[in-house]
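Undergrad: Sequence:
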Amino acid sequence: MNTIAIIGGGAAGLMAALSAARAGADVTIYEHNASVGKKILASGNGRCNIINTSACSDDYAGANPQFAQYALEQLPYAAFETFCHSIGLLLDSKEDGRCYPLSNEAKAVLIAFKSAVTEAGVKVLTEKKVTALFKEKGRFVVQSDQEKKSYDKVLIATGSEAAPQLGASADGYHFAKSFGHDIIPTYPSLVQLQLNSKIHSKMAGVKTHAEVTLYVNNKPKEKVRGDILFASYGISGLAILDISQKASYALMKKQRVEIGINLLPRFDAQTLSATMEKLFSSVPNHSIEAVLSTLIPAKTIVHLLEETAIKPMTAVSRLLPKEIKKLTCLIQDWRFEVTDTHGFKHAEVSGGGVATAQINDKTMESKLVKGLYFAGEVLDVVGRRGGYNFNFAWASGMIAGKEMGK
1 MNTIAIIGGG AAGLMAALSA ARAGADVTIY EHNASVGKKI LASGNGRCNI INTSACSDDY
61 AGANPQFAQY ALEQLPYAAF ETFCHSIGLL LDSKEDGRCY PLSNEAKAVL IAFKSAVTEA
121 GVKVLTEKKV TALFKEKGRF VVQSDQEKKS YDKVLIATGS EAAPQLGASA DGYHFAKSFG
181 HDIIPTYPSL VQLQLNSKIH SKMAGVKTHA EVTLYVNNKP KEKVRGDILF ASYGISGLAI
241 LDISQKASYA LMKKQRVEIG INLLPRFDAQ TLSATMEKLF SSVPNHSIEA VLSTLIPAKT
301 IVHLLEETAI KPMTAVSRLL PKEIKKLTCL IQDWRFEVTD THGFKHAEVS GGGVATAQIN
361 DKTMESKLVK GLYFAGEVLD VVGRRGGYNF NFAWASGMIA GKEMGK
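Just so we're aligned, residue 1 is where the sequence shown starts under the working numbering, counting upward by one.
If you are wondering where the hints come from, they were derived from the structure by calculation, not from laboratory data. Source: prediction; values computed, not measured. Even for Gly, the Cβ is constructed at its ideal location relative to N, Cα and C. Possibly wrong hints are sitting among the right ones.
Said to hold, decoys possible - Ranges of calculated distance between the beta carbons of each label pair, as one might list FRET restraints:
# : residue 1 : residue 2 : range
1 : Glu-277   : Lys-253   : 27 to 33 angstroms
2 : Ala-34    : Lys-223   : 39 to 45 angstroms
3 : Ser-273   : Asn-218   : 22 to 28 angstroms
4 : His-174   : Thr-271   : 38 to 44 angstroms
5 : Arg-266   : Lys-123   : 40 to 46 angstroms
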């Protein structure tokens, strides 16, 4: 019987432990938190967007996004749903591909997994921080506190540096490097952005639906629609999280990053101009501030007008054509320079990690060290928002677990 150590009790680690135990292996999970699955509980604002029904490699970034494809193919939604039923977990899939536990509570996911691994005979060691990992006489030695135990195979499923308040760390990268693996530089993803602006803090609390365009070195890279939220440090909201991977990666590369905000994405430029012209002719004596308040959030108006050098109390009938054109353009492409992300503490996931070129995508085993496996976010695979990172965690964990159990 294979003896297996799994370092990390997150999504990938739990799936791997269960898969290996069901294959007949003797499995031990090392988790430095007081409980496994801490990030599972925090995901989806406590709801746990457990998977996306339509995931494919196009939904991922990394040096080789195609690395994820084989794993995803081994665990399509139908297979995952069947697996969840086997551990007593029912799912609720939405039309947009997002999927949640039927109870709509993340703790249901964790309860099901904890019960399943216990029933399968997995030993779960919590508050056990692994301080060293090495190979000696053909076996892996796991050192935690003052204890050393040896195993036939080891899985590193430690996750990334994202959300250190939930116990995240760079330990997995250090273990990987000690075995000769390369680490692709890491960066926060699904994270808020900090802006070089004197006005974002004055608009803190303003939330609106907008279209956001990401510019890198003055070239448009991505365009998304969704909620944005101005904050004291910069800007947040689902649309910002959606562009944050490319923004964060560009910042790490020292490139110039900007966002362009379209406050009225339902209008094209021509329609917006015609709409404003009609409004102005209907109420010629109203101030521009009053008229704009029917179109966009009030706290943004004074700052838009400052940038166009238009006084808020100016009657719309007195506006010059060039002023109207400038205002219209600004409403549809209000530029802000991005100086940084809001950091790993506020990030949901991390880009970068263990280089996938040195991992067998069919088994998750290291190409450098026999018996050493990797799964989940510790690898250089990062998904979009919407359950995609869980997709890869479950799939890579399942593959690694089955392979280790052989």
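Undergrad: Can the suggested window of 38 to 44 angstroms be confirmed for the beta-carbon pair His-174 and Thr-271?
TA: 55 angstroms, violated
Undergrad: Given a hinted range of 39 to 45 angstroms, is it respected by the beta-carbon distance of Ala-34 and Lys-223?
TA: At roughly 43 angstroms between Cβ atoms, Lys-223 and Ala-34 fall inside 39 to 45 angstroms, so the hint holds.
Undergrad: Okay, Ser-273 versus Asn-218 on CB: inside 22 to 28 angstroms?
TA: 25 angstroms Cβ-Cβ, so the 22 to 28 angstroms window holds.
Undergrad: For the pair Glu-277 and Lys-253, does the Cβ-Cβ distance stay inside 27 to 33 angstroms?
TA: 43 angstroms, violated
Undergrad: Range first: 40 to 46 angstroms. Now tell me if the beta carbons of Arg-266 and Lys-123 are that far apart.
TA: Violated, at about 57 angstroms.
Hints 1, 4 and 5, counting from the list given before, are not met by this structure.
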